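Peer 1: What follows is the residue order along each chain.
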Amino acid sequence: MTRVSERAVEATMLEERAERNSIGFWLYLMTDCILFASLFAVYAILHVNTFGGPGPKELFHPGGVLAETLLLLASSYACGLAVLRARAGERAKAIFWLVVCFALGASFLTLEIGEFAELIAEGNSFTRSGFLSAFFTLVATHGMHITIGLIWIAVMVAQLMLKGLTPHTARRLTLFSLFWHFLDVVWIFIFSTVYLMGVA
Amino acid sequence: MSLHELVLGKLTWSAIPWGDLMTLGAGVSVVVIAIAVCIFITIKKRWKWLFTEWLGSLDPKKIGIMYIIIALIMLLRGFADALMIRAQQALSVGDMHGIVSTDTFQQVFSAHGSIMIFFVAMGLVFGLLNLIVPLQIGARDVAFPTLNSISFWLFAAGMGLINLSLLVGEFSPAGWLAYPPLSELQYSPGVGVDYWIWSLQIAGVGSLLSGINFIVTILTMRRKGMTLFKMPIFTWSALGSMSLVALAFPILTATLFMLSLDRMLGMHFFTSGAGGNPMMYINLIWAWGHPEVYILVLPAFGIFSEIVPVFSRKKLFGYTSMVWAIIAITLLSFTVWLHHFFTMGSGANVNAFFGIMTGVIAIPTGVKLFNWIFTMVRGRVKFTTPMLWFLGFVVLFTVGGFAGVILSVPAADFQLHNSLFLVAHFHTMIVAGVLFGFFAGLTYWFPKFAGFKLNEKLGTYAFLCWLFGFLTAFVPLYILGFLGATRRLDHYDSSLGWQGLFIVAGVGVLILGLGVIFQILQLIVSYLQRNQTRDLTGDPWDARTLEWATSSPPAHYNFASLEEVTTRDAFWETKQKGAPEPRYEDIVLPKNSYVGLFVAGFAFMAGFGFIWHIIWMIALGLLGVIVSVIVRSFADDTEYTIKAATVKKLEEARAARLEEYA
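Chains as they are written, first to last, in the numbering used here: chain A, 1 to 200; chain B, 201 to 862.
Derived by calculation from the structure, the hints in this document are not laboratory data. Only a predicted model underlies this, so the values are computations on that prediction, with no experimental measurement involved. Please note that a few of the clues may not be correct.
Computed cross-link-like contacts, DMTMM-like style, restricted to lysine to aspartate or glutamate with a CA-CA straight-line distance of at most 25 Å [unchecked claim]:
1) B/K848 with A/E10
2) B/K430 with B/E839
3) B/K424 with B/D836
4) B/K849 with B/E763
5) B/K849 with A/E6
6) B/K657 with B/D742
7) B/K430 with A/E19
8) B/K791 with A/E115
9) B/K843 with A/E15
10) A/K163 with B/D836
11) B/K775 with B/E851
12) B/K261 with A/E58
13) B/K424 with A/E16
14) B/K791 with A/E118
15) B/K424 with A/E19
16) B/K515 with B/E773
17) B/K430 with A/E16
18) B/K843 with A/D32
19) B/K791 with A/E6
20) B/K424 with A/D32
21) B/K843 with A/E16
22) B/K848 with A/E6
23) B/K849 with A/E10
24) B/K582 with B/D693
25) A/K163 with B/D295
26) A/K163 with B/D837
27) B/K424 with A/E15
Looking at chain A on its own, in the form it has when it is part of the complex (with noise of 0.2 Å):
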């Protein structure tokens, strides 16, 4: 009978706790909101600041844009797979959920990385005006998400190997697919704030 009950308190502690960690890991999400606003803001303002050299019109091309997003989509449905698979309890497709997850979200790492690369060649890196200077940053930022939710991934996929889909491992997987879905969002307003109205 003690044994029960022992263990109703322990279920309802670690659902508190549960509840707490969302609740927290939310308001975490909503500063990283306002963290974006931020540079939002300033690359509205500096956008039209080309200081004499190439403007968005010039240097962005919808296609490899849109290809990234299309990539990031992709990956956040993987993400949303993994979590249901963990939520039935099946570890090893999870895993592989997880592990297509993170090759999307590479992949768009990695064009972005080239999309960069291209530019800073082309003689338009982030010291050619206050426009690029926003430019790169805000996206940058964005990527540095994407790299620590990378690094995530991988850790969880670790986690899950050794551990099994414990109520702890199962709580971190829901709380990277807040902040996977998160940077999705963040990346659909770069999409059409900087790069569509861009060259519209």
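Following the hints, put chain B in place on chain A, whose structure we already have.
Peer 2: Chain B only, in chain A's frame:
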């Protein structure tokens, strides 16, 4: 890139300020004191104790005390800077050129502002929140204890960096908010601004994490039955303040990040050429900076809201209006930032809007003042030192507030901006508002954590010195501001006739120094007399809120048994009705963790690398931070349980002690 640049970046022997004896002396004395402390600990064989009981502890009570120790030490440092500023301005007139060079003077006033705001005021806020909030909401811990320790150590790392600038390199000459284009590489080529950026950035990330931590703590960990509108006002003010931290600090992080990109990678965010926009920095930094003022002052309001009812022996007048005033101030604080730069060309209509909003924010503040005063009316007021600090605060804060309302009128601001009138105004708000508030709070809550009261007599002397010292130091500045003296003057002409007033202000700071000496004496004397003033009941003031319901100092689990709360002033209610039979249960608490020390140590390393452009150090530091967090995420065994039977035994021992006393 030469080998030297690869290994040491910009760092050379000339980084040590050989020629500047005053800075060098200060730096060397910091090192000497540090070595002396280390030797003392080694002789006493206290290293292990230091690490297990303090540095690795995740107990918010201990973290809070460490915050406050750092803040008080930094208060001495900032105060030394203040003495130098006053001495310089009193003596640097006509043919005399004061005590320090212009260069050093710029660093001194920049350091004074940065240290007082970021490492004194913020340290006191987070220290007191750590100490009081969990207890006041009847909880045993904060929501994320490990994160809390990381936040604290990041704060400590930032403090370390800002003090390192005394000995290695220089500090920022660009003022406490480092306006560009002056703070850009072109005009400030030294590492001073980088020290400023990275010490604030590292401490700021810690503050942000702490903000999230306390919001979650307050929202999810309140004692059963304590609804939001039964929460003590100090906790409400903490919630307001921490919401502002969460909303405003990301802007600071982004802004400092962009300034450092300008300086390090040659970007053009805030440069005056190449498409940069310095005005954008001014907007961003004040979009953080104005809420920051309320981040500091809201908890001080909260402290007074606890003290006044207790020492007036009445419940707080107008609880609900107090809460709404906090909420209103929290929201309004984001609508006034432009009043910091009315003269920078926003146009009449924009200025008018921000001027009116600034006037409006004085209304909820006025509501609070009246509520405190009405709480005292028909109460049986006991003039203890916390109450003295309150009375000093009420008068000075009102005066300073009126000066603020004057400044909120754009037309008047055009005359008064950048003058000593402004300096006097914001010192009235920060010293008489924030600092008096925290002195009151520290005196009030001291017995809870030390187990004995502070000496009242020496406390009164300290208060009187602070009150009259403050008036002597800052009334001349209001006058000098009207006479046209601008801030940050390192020299002025003797024909202006300002020197007399500057000397009076200097005397004022000496009186304040006497106050500081009384406070140090107060600590020593109170410690020596602790056996006469011991607080055995846990409730030395006959107070009203839950933190007094447990022993002084509280057990590491805070409360043995978690009774439901039914009213505001929950502890007062219990005292009237009698406490129910305690129900003991197993208590789960976090074990020690050194991850905070590692994260902050590596962050310090990365910060130093960023300042001196040492690439391997940056890489190693950042990698170290990431690896420390990953290693921690693999830890399973992070908690320990105290069995109900053990709790019962501890509590009965305490009850026996109490009976002995009675």
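Peer 1: Each of the hints needs a verdict: does it hold here or not?
Peer 2: Here is what the structure says about each hint:
no., hint, in the structure
1, B/K848 with A/E10, "holds (21 Å)"
2, B/K430 with B/E839, "violated (31 Å)"
3, B/K424 with B/D836, "violated (29 Å)"
4, B/K849 with B/E763, "holds (19 Å)"
5, B/K849 with A/E6, "holds (21 Å)"
6, B/K657 with B/D742, "holds (20 Å)"
7, B/K430 with A/E19, "holds (22 Å)"
8, B/K791 with A/E115, "violated (47 Å)"
9, B/K843 with A/E15, "holds (21 Å)"
10, A/K163 with B/D836, "holds (10 Å)"
11, B/K775 with B/E851, "holds (18 Å)"
12, B/K261 with A/E58, "violated (58 Å)"
13, B/K424 with A/E16, "holds (13 Å)"
14, B/K791 with A/E118, "violated (51 Å)"
15, B/K424 with A/E19, "holds (16 Å)"
16, B/K515 with B/E773, "holds (11 Å)"
17, B/K430 with A/E16, "holds (21 Å)"
18, B/K843 with A/D32, "violated (41 Å)"
19, B/K791 with A/E6, "holds (21 Å)"
20, B/K424 with A/D32, "violated (32 Å)"
21, B/K843 with A/E16, "holds (21 Å)"
22, B/K848 with A/E6, "holds (19 Å)"
23, B/K849 with A/E10, "holds (24 Å)"
24, B/K582 with B/D693, "violated (50 Å)"
25, A/K163 with B/D295, "violated (75 Å)"
26, A/K163 with B/D837, "holds (13 Å)"
27, B/K424 with A/E15, "holds (16 Å)"
The structure shown violates the earlier hints numbered 2, 3, 8, 12, 14, 18, 20, 24, 25.
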